[in-house]
Amino acid sequence: MASLPVSTTINSDDVEYLCHADESLLDVLRDRLGLMGAKEGCGTGDCGACSVIMDGRVVCSCLVLGAEAEGRNIETIEGMADGNTLHPLQQKFIEHAALQCGICTPGFLMAAKALLDTNPDPSEEEIRFWLAGNLCRCTGYDKIVRAVADAAIVMREERA
Amino acid sequence: MSLDTTYQGRNFRSVGTRPLRPDGVDKVTGRARYGADFNMPGQLVARILRSPHAHARIVRIDTSRAEALKGVKAVVTAADLPDLTEGDQGLFNTLENCMARTEVLYDGHAVAAVAAIDARVAKQALKLIEVEYEVLPHVTDVDMAARPDAPKANGTAPNIAKQTEFGHGDVDAGFARADVIVERSFLTEQTHQGYIEPHACVASCNSDGTAEMWVCTQGHFVYRQTCASLLGLDVSKLRVTSSEIGGGFGGKTHVWAEPVALALSRKAGRPVKLVMSREEVFRASGPTSATSIDVKIGATKDGRITAATAHLRYSNGPYADGWAEMGAMTSFACYDLENVKTVGSEILVNRPKVAAYRAPSAPMAAFAVESAVDELAQKLGIDPVEFRIQNAASEGTRSSYGPVYGPIGIGPTLEAAKAHDHMKAPLGPNQGRGMACGFWFNFGGQTCTDLNINADGTVTLAVGTVDVGGSRASLSLIAAEELGIDYKDVKAVVADTATLGYNDMTDGSRGTFSSSMATISAARNAIEVMRQRAALIWDIPVEDIDWEDGHAVARGENYGNLPPLSVADIAAEAGTTGGPIAGHSEIVADGAGVSFATHICDVEVDPETGSTRIKRYTVIQDAGKAVHPSYVEGQYQGGAAQGIGWALNEEYVYGEDGRLQNPGFLDYRIPVCSDLPMIDTQILEIPNPNHPYGVRGVGETSIVPPLAAIANAISNAVGVRMTHIPMSPPRILAALDREKAG
Amino acid sequence: MRYERPATIEDVTALLASGGEKSFVLAGGTDLLVRMKNDAFEADLIVDIKAIEGMSDVTRTADGFEIGAAVPCAALGENAELSRVWPGVVEAANLIGSTQIQGRCTISGNLCNASPAADSVPAMVAAGALARIAGPDGRRTVPVQDIPQGPGKTSLRKGEFIEAIVLPDPGPRSGDAYLRFIPRTEMDIAVVGVGVQLTLAEDGSIASARVALGAVGPKVIEATEAAETIIGTRLDQPALDALAAVCSEVSTPIADKRGTVDFRKQVVGVLAARAAKIAYQRAGED
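Those protein sequences? They're chains L, S and C, same order as listed.
Position one of the first sequence corresponds to residue 5 (this note's numbering), numbered consecutively onward.
Position one of the second sequence corresponds to residue 31 (this note's numbering), numbered consecutively onward.
Position one of the third sequence corresponds to residue 2 (this note's numbering), numbered consecutively onward.
Don't read these hints as lab results, they were simulated from the structure.
Predicted model only: the values in this text are computed from it and were never measured.
Take the hints with a grain of salt, since some may be wrong.
Here are some chain S residues the structure puts well away from chain C; computed CB gaps all over 12 Å [said to hold, decoys possible]:
#, residue
1, R214
2, G262
3, K521
4, G590
5, T642
6, Q691
7, D710
Derived lysine-lysine pairs resembling DSSO-like cross-links, with alpha carbons at most 27 Å apart [unchecked claim]:
#, chain 1, residue 1, chain 2, residue 2
8, S, K409, S, K100
9, C, K51, C, K159
10, S, K645, C, K38
11, S, K157, S, K297
12, C, K278, S, K153
13, C, K258, S, K182
14, C, K38, S, K157
15, C, K38, S, K153
16, S, K100, C, K38
17, S, K192, S, K409
18, C, K278, S, K770
Note that the Cβ used here is the ideal one computed from N, Cα and C, for glycine as well.
Could you put together the complete structure from these sequences and hints?
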């Protein structure tokens with residue numbers, strides 16, 4: 005099978021790769037580009053562990069073909085912190101003990117970032133429904149919701 | 031120095047605080063490496079071919095076409111995993127479960143595996159393996175399997191594979207004295223731990239007989255032992271490293287595909303990466319039992335239980351283990367009963383081999399018993415909390431499973447529930463409140479730690495219990511506490527099997543309990559060494575040196591001019607005082623304190639659709655001593671959420687053909703964020719007398735009460751007593767219709 | 002397998018016409034990529050339509066809206082005008098899957114996947130939506146209910162694909178609503194779904210109505226008998242009861258892992274009444 009050349013932008017960097025026509029963006033990120041922060045929990049879009057942001061929308065990278073990334077702008081967990089400065093969401097997840105095993109955490113962070121980028125002051129209900137596509141089996145979501153709400157406060161203060 | 035493990039009251043300075051976890055930054059930046067995040071040079075990709083039948087004889091397997099496919103480097107079947115189990119039935123069952131031998135025993139049972147240069151070739155190769163099956167009669171339902179005319183699930187073994195009994199007193203006499211008796215039967219469907227990380231490993235067997243494995247597991251030492259036995263390797267030659275683990279909850283206490291990965295690597299002569307798909311996880315790892323339970327409880331008018339019995343039938347998959355036995359042990363553990371008897375029956379069915387799931391077997395038993403207790407209180411017209419308080423076990427009670435309790439938390443959790451604001455909050459239309467209690471044993475087991483004092487006075491703590499929920503933070507706190515130093519100066523790591531002595535796995539809520547005990551012991555040993563080094567530095571007798579707040583302090587007026595020596599001061603002189611400083615500990619951590627919880631739950635039921643929403647939820651549980659309260663709360667909340675999912679929606683659905691119909695997160699419905707309210711927690715601390723800091727295991731008990739708490743709440747909301755878990759909308763609507771029809 | 006990303010509709014139809022049986026259109030991919038995960042599924046050709054100009058646009062026309070086949074459902078909810086005019090359709094579209102799925106999935110894809118439980122389809126049927134089909138022989142426009150023919154089967158001919166969904170303006174005093182039943186609050190496939198669209202007469206009685214039922218038959222059911230029970234009424238209790246009863250009656254569900262026959266027949270009536278009330282209220286405010 006011939007591979008397809010793809011030129012895309014990942015975490016603000018120009019990236020080029022070859023992928024098979026039926027290869028998911030998740031497989032490309034993990035197996036070809038070494039960006040293993042996105043996790044495969046199901047491969048069918050049901051768990052959100054592979055969430056990345058594509059052109060401003062959070063998507064399951066397992067349900068995007070690698071070939072579709074051509075010309076798009078992709079954000080992954082590896083690009084979330086600014087060097088050694090954690091994003092407020094990352095910081096609040098640690099402070100609130102919003103992770104236990106941590107396998108779902110990159111996906112939650114990407115989804116929560118997409119939320120706060122568009123809605124700086126979400127209600128608890130808005131947070132819960134926005135994050136319904138990210139499964140966590142450890143925390144019961146309580147501390148995750150608190151961390152997102154707290155990060156929203158920090159981000160609003162930073163903007164003000 | 032032997033460890034005095036008895037509880038010594040103390041004013042903690044580190045324990046009980048909430049510092050940031052040491053693995054936090056790795057996990058929020060995507061750098062933490064889980065099972066599938068590791069690669070080796072020359073690595074192959076493995077895939078497993080699985081049975082499409084619930085029960086069949088394997089007539090023939092032809093792998094020749096797969097082997098001939100370009101890019102395929104090895105194909106294995108049972109022939110490549112010869113039976114080396116020497117009559118150890120449990121080990122043989124594990125072997126056969128990893129790779130079917132003469133029969134496939136459930137939908138998803140492995141029959142062959144391939145290792146190829148990439149996933150695409152491996153997938154093609156699977157399609158080229160020919161398996162001829164002779165389909166045999168199957169049985170997947172626990173009650174059907176218990177019938178005398180049922181098809182046998184596994185060979186000629188009886189489906190009722192084993193019975194166990196617990197209890198004391200004379201239950202017939204007890205029931206004769208009862209004024210009111212409740213007798214009911216309950217069903218619970220099979221559920222899965224639902225960890226988000228599928229099983230994954232990289233196995234590498236070398237031509238010199240050594241091997242390595244990177245794997246997500248709750249117990250790498252146990253995996254090493256099992257894999258070495260099944261593969262015929264010396265234990266010392268198999269080095270197992272536990273990855274970060276993406277959830278386990280009991281499901282990663284047992285090998286499933288790891289021996290197959292090793293067999294493929296051995297045959298191919300190359301490293302092999304094997305990652306299960308989500309579908310494989312559901313079909314072929316270890317879910318919990320489906321159960322059928324009969325409960326009978328009698329009480330006098332004034333609310334004293336006179337007798338209680340339970341017969342518990344638990345599906346085990348195709349192999350007999352002790353799941354009903356644990357259900358029988360836990361069922362009445364919350365109560366002080368004069369006359370009690372429980373019988374557990376292990377039932378074989380053509381479903382996957384059951385594995386532990388968080389307080390294994392206890393939630394189903396508690397569902398049955400706590401539902402019946404609630405109904406009994408209703409019939410007696412006694413408040414359900416009050417009724418439980420009247421009958422609760424306490425220090426000195428002989429438990430229904432045998433031992434006599436020490437100081438325990440069931441009474442205090444009930445009193446806390448009674449006093450809780452939640453109990454007094456108003457309820458809206460179609461809303462109801464329920465409560466229930468839960469028990470779990472907790473476990474200690476073999477444990478080993480190394481505590482190394484570094485040259486700068488910081489500490490590296492190597493533990494052998496896998497960190498499933500923040501235990502590296504807790505154990506760092508423990509080391510800091512005992513040494514009298516700052517948390518930030520301790521770094522805890524989970525050591526691999528080649529660098530630390532044997533550890534039992536992280537199960538039975540033992541991780542923090544047992545490793546903290548070993549850590550305290552190791553720290554005390556290190557302190558002893560540091561006192562000796564201080565004696566050399568100061569040239570005074572060691573007897574004159576105390577250890578206070580992280581410093582060696584010379585005692586007595588003679589040494590008034592000697593400033594205390596810090597850990598760093600002593601470590602700096604290590605090279606001239608006898609070499610590196612360390613403390614080690616190898617123990618069997620006995621005395622895990624039993625754990626109790628009481629949960630309160632408000633639900634709202636839509637009477638037109640049978641839909642149930644959790645409106646408010648409170649967990650009250652005894653932690654002994656909460657080492658890192660945030661992660662104790664996390665355990666309480668996580669267990670409650672799993673119990674809520676189990677109560678309302680989660681179930682394995684098998685078709686008439688014996689095949690699993692919902693092997694995915696779409697139709698195996700674990701709670702999502704919008705399903706749940708905040709989960710309030712109240713940590714009680716009734717010190718475990720057998721732990722120096724009073725610590726009890728906290729991980730599991732929180733999954734025990736929710737099934738019954740929610741059933742009791744539904745009963746109070748809409749007046750129907752649900753006896754079948756999950757209480758899904760179709761079941762609730764049907765019950766409401768039956769109620770309406772009278 | 003081939004992946005193509007043509008720039009014109011003609012190229013799409015030409016590719017599909019020359020491709021084999023295993024040729025698929027890719028818009029959001031939220032169904033297609035799930036199917037590709039299955040070892041038994043094979044595709045020879047995937048035609049990505051997102052590079053085609055206009056395919057990702059919602060266009061306001063003189064008499065309604067045209068929703069390009071590649072418009073993700075999230076974009077429908079972000080379109081204030083569409084949400085105001087067709088709140089039920091937008092709600093239905095926004096119920097599909099998670100936030101992540103919303104960023105990719107399309108109502109054209111939801112229709113072409115031909116699942117009886119597709120959320121947006123009953124809402125579209127109730128709305129009188131049309132599917133504009135492009136094919137090797139030109140364009141044709143059909144009511145959306147003519148597309149699904151049974152689970153996984155559509156009436157599209159070789160080389161054809163849906164280029165846009167057309168939603169007509171409903172006229173004054175109109176309202177629509179979609180409700181579905183799922184066991185959880187999110188992420189589930191509808192066990193039952195009901196779309197209702199109403200237009201009121203000047204006196205406030207229901208002048209016209211359409212009711213469409215999902216997940217209670219092999220394909221969406223347009224329940225004209227059910228709609229008739231409320232036409233001429235002000236949606237009083239007897240009318241609601243009659244609506245519920247007829248919806249239950251005309252449903253032909255199966256029992257499966259998601260629900261029983263009895264449950265589906267009962268709940269379809271409950272949801273029809275509830276959806277009708279919402280649509281009625283919206284029509285009254287219109």
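| said: Flag every earlier hint the structure violates by its number, smallest first. | reply: 5, 6, 8, 10, 12 and 17
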